[in-house]
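Student: Heads up: the sequence lines are chains A and B, in that order. No gaps in the numbering here: position 359 of the first sequence is 359 in my numbering, and each next residue is one more. No gaps in the numbering here: position 225 of the second sequence is 225 in my numbering, and each next residue is one more.
Among these hints, one or two may not hold up.
If several chains are the same, the list does not tell them apart, and a pair holds so long as it fits within one copy or across any two.
[Unchecked claim] Computed cross-link-like contacts, DSS-like style, restricted to lysine-lysine with a CA-CA straight-line distance of at most 27 Å:
hint: 1; residue 1: 332; residue 2: 231
hint: 2; residue 1: 231; residue 2: 333
hint: 3; residue 1: 372; residue 2: 42
hint: 4; residue 1: 342; residue 2: 430
hint: 5; residue 1: 69; residue 2: 327
hint: 6; residue 1: 368; residue 2: 88
hint: 7; residue 1: 332; residue 2: 23
No lab work stands behind these hints, which were simulated from the structure alone.
Here are the chains, one letter per residue:
Protein chains: 2
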Amino acid sequence: MRKILVIGSGKSTAFLLKYFLDKSSTENLFITVGDLNINNAKVLFKTYSNIEFITLDIFNEVEKTKAIKNSDIVVSMLPARFHIEVAKTCLTLNKNLVTASYVSSEMQSLDTEVKQQGLVFMNEIGVDPGIDHMSAMQVIDRIRDDGGEMILFESFTGGLVAPESDNNLWNYKFTWNPRNVVTAGQGGTAKFLQENTYKYIPYNRLFRRTEFLEIEGYGRFEVYANRDSLKYQSSYGLDHIQTLYRGTMRRVGFSRAWNIFVTLGMTDDSYIIEDSEYMSYRDFVNAFLPYSHTDSVELKLRHQLKIEQDDIVWDKLVELDIFNPNKRVDLKKATPAQILQKILMDSWTLAPNDKDMIVMYHKFGFEKDGEKYQIDANMVVIGENQTYTAMAKTVGLPVAIATLAILNGKITTPGVQIPVTKEIYEPVLKELQSYGIVFKEHNEPYLGYNPLNS
Amino acid sequence: MRKILVIGSGKSTAFLLKYFLDKSSTENLFITVGDLNINNAKVLFKTYSNIEFITLDIFNEVEKTKAIKNSDIVVSMLPARFHIEVAKTCLTLNKNLVTASYVSSEMQSLDTEVKQQGLVFMNEIGVDPGIDHMSAMQVIDRIRDDGGEMILFESFTGGLVAPESDNNLWNYKFTWNPRNVVTAGQGGTAKFLQENTYKYIPYNRLFRRTEFLEIEGYGRFEVYANRDSLKYQSSYGLDHIQTLYRGTMRRVGFSRAWNIFVTLGMTDDSYIIEDSEYMSYRDFVNAFLPYSHTDSVELKLRHQLKIEQDDIVWDKLVELDIFNPNKRVDLKKATPAQILQKILMDSWTLAPNDKDMIVMYHKFGFEKDGEKYQIDANMVVIGENQTYTAMAKTVGLPVAIATLAILNGKITTPGVQIPVTKEIYEPVLKELQSYGIVFKEHNEPYLGYNPLNS
């Protein structure tokens with residue numbers, strides 16, 4: 001039996017573990033799942049053999065060393081900041097490692113040693129980052145192999161609610177960490193390239209400079225810019241590209257309404273609101289509006305933000321019940337972002353039968369023989385239920401497929417890496433297709449940002 | 001001869017040194033001015049006796065110790081972050097110290113030792129902080145002594161251009177550190193108290209939530225909130241006050257136009273603009289606007305910020321020449337704030353004959369015998385020329401007066417302190433009057449923020 005150690009048993013591991021278990025006989029696999037609390041996973045997979053569950057504290061050196069020593073390959077599904085603790089021990093004990101998280105500078109610093117030992121430390125092989133890297137590089141390499149020169153690359157991902165469960169005015173529910181949604185865009189000014197010009201969008205304009213996309217059968221979406229559009233410029237070999245833009249997808253209209261919270265200051269996570277515990281939702285809104293003895297919170301908000309009374313954004317605010325004077329915040333020493341998150345969770349938590357959806361959209365612009373072309377590619381994955389979510393599927397399956405491929409010696413290039421080479425994306429994307437994770441491509445006239453190109 | 005050591009000889013020391021020199025015979029004073037570069041002060045005061053100029057590097061322990069040892073009292077006019085180096089040596093050598101800067105936590109930590117040695121370390125005794133503390137506490141103490149209870153305190157200061165030199169559409173020129181003007185308000189959300197309710201204004205709304213003031217003979221001003229309205233709540237004894245608001249004064253209309261720079265992201269000092277050196281002013285503006293092959297920078301800006309073509313803010317932008325494609329930024333690796341500062345300095349630098357102006361405005365609301373009252377007090381100081389500025393006068397004279405009062409044993413209460421007690425404010429404010437630094441008071445009906453009070 002080949003032994004796979006999966007550390008961490010959170011939400012995104014259902015598909016991952018199921019994949020290994022379904023292949024455990026044919027591939028001769030034994031799975032050990034280690035976590036501080038492994039009850040959820042234990043209940044889910046109690047009928048399976050070839051799997052064991054152990055209590056594992058990665059800060060207990062003895063436990064950690066024992067578990068890793070006893071494995072043939074390690075998958076870390078812990079929160080990103082903990083991977084380095086696992087990685088160091090993998091290096092010591094000569095084990096390959098797979099994670100779905102961004103490469104931290106600490107992780108990157110292990111690269112030389114990892115290469116010297118001939119190990120594969122594969123990272124960013126979930127959905128975003130992960131499937132975005134692989135699906136983009138497959139098309140980019142194909143265009144290049146065919147003699148084309150890339151001039152535009154745009155890439156967008158969204159974690160949304162599935163159309164059949166989409167029943168609020170925001171067309172949004174929390175399908176992943178709500179905190180990241182509330183504080184999205186606050187890491188610093190968004191920077192990207194448009195037609196060879198560097199462009200910058202500050203946080204207060206981020207949700208007002210959206211672009212629109214359409215996916216056949218799923219309607220329209222909007223996109224706001226990620227902070228880090230240029231992050232993979234070199235890894236993708238796009239140093240001379242004219243337009244490079246990465247963003248987050250929402251349903252059209254979300255961002256304009258969300259910008260109300262940004263403008264008022266409700267998404268700030270950097271200071272504590274006085275007396276937050278005893279505030280009503282209405283008091284919270286009022287804290288960001290001028291005092292008035294006569295005017296209502298509603299009118300002050302409308303006036304400050306110039307919201308017409310028949311504007312749909314108003315209905316979106318009302319739907320969230322933010323003007324309710326009787327609902328209490330009930331959070332001690334909370335930041336505005338924490339309070340807003342609580343208010344949103346009242347409305348945006350998935351109901352037991354709700355399904356989630358992952359959407360991804362790439363645009364590839366290129367020049368070949370003096371002509372300009374564009375290929376658009378998109379992927380839509382709908383969750384099965386609240387255990388086998390689209391998020392768990394698109395994060396977990398690429399991790400699982402890559403892990404088995406490494407174990408089977410199909411991915412061998414050593415180093416701390418991300419999946420941007422053919423060796424990795426070809427087998428992984430091919431196998432993902434059999435799970436319904438498929439990109440649809442179509443050709444578009446190349447416009448770039450210049451209508452005169454047409 | 002009593003020896004006064006003044007460390008630092010920058011812009012704000014002209015009045016300070018002149019004060020000491022004018023009193024040097026009657027008060028038996030000898031002044032030593034020490035700085036890394038003391039040429040300016042040397043030229044200005046070359047005809048005076050009782051003064052010497054020494055090259056002094058406070059990071060040279062021998063030089064610093066010798067100079068301080070040889071003095072009876074020390075005045076530090078260095079940038080705020082350097083005071084602590086002077087303060088430690090003053091403590092060792094048992095010398096009193098005066099600065100015009102905010103009390104840092106390092107400075108505060110010396111308090112116990114300073115008290116044990118019976119020393120006076122007086123800080124925040126310039127204009128703001130300084131004259132604001134003293135003039136406010138004089139009225140607050142008077143109200144209390146008279147049986148009144150404070151219910152509202154608002155305090156505003158502005159460093160502006162004098163009316164006779166006010167010849168641009170912004171009614172503004174740089175009279176102090178331009179960098180602080182460009183980055184004003186970025187330290188964090190503004191927090192204050194209005195009618196017993198905590199209110200918060202995020203940076204993107206700071207310049208849109210102004211209030212208006214009028215000073216007889218000087219017309220209207222506007223005010224935007226400081227970050228730290230509650231900073232002196234306890235020092236002023238205002239723990240139970242209903243409204244507490246501190247702000248910065250500008251001429252009406254400044255803030256609405258300034259908010260354009262904030263909204264576009266041009267005041268950001270946290271990242272470097274690519275290729276800043278070779279950008280034109282126009283390129284700089286365009287970096288914050290969407291790409292378009294057809295639309296002008298002007299139209300894109302108007303459209304993004306919904307600026308009507310007959311709106312005066314547009315003329316303010318044009319006046320700054322920000323759309324000029326031929327003027328080059330010419331700054332290597334510059335932040336947006338650094339580039340904006342350069343553009344503004346083209347227009348807002350004082351001409352040789354321009355004068356500056358300091359304005360201060362306090363509102364005191366109080367209750368007495370069941371009735372509510374309000375006293376407004378304001379101060380206007382106009383500079384004489386570009387050496388004897390209003391800023392140098394209002395910063396330097398309180399420092400000088402306090403220094404002499406400490407030397408003469410009129411201010412004796414030991415400790416690291418700010419001027420909020422009668423022992424300090426009475427003699428200092430009285431003497432400031434003879435230099436034309438006077439507050440005019442008038443009674444107003446108390447309205448607070450509630451028109452129904454009237």
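Student: Next step is simple, just say for each hint if it's right about the structure.
Tutor: Consistency of the hints with the structure:
1. 332 x 231: between (38 Å within a copy, 22 Å between copies)
2. 231 x 333: between (36 Å within a copy, 19 Å between copies)
3. 372 x 42: neither (54 Å within a copy, 69 Å between copies)
4. 342 x 430: Neither: 41 Å inside a chain and 55 Å across chains, both beyond 27 Å.
5. 69 x 327: Result: close neither inside a copy nor across copies, 52 Å intra and 65 Å inter.
6. 368 x 88: neither (46 Å within a copy, 70 Å between copies)
7. 332 x 23: Neither: 48 Å inside a chain and 58 Å across chains, both beyond 27 Å.
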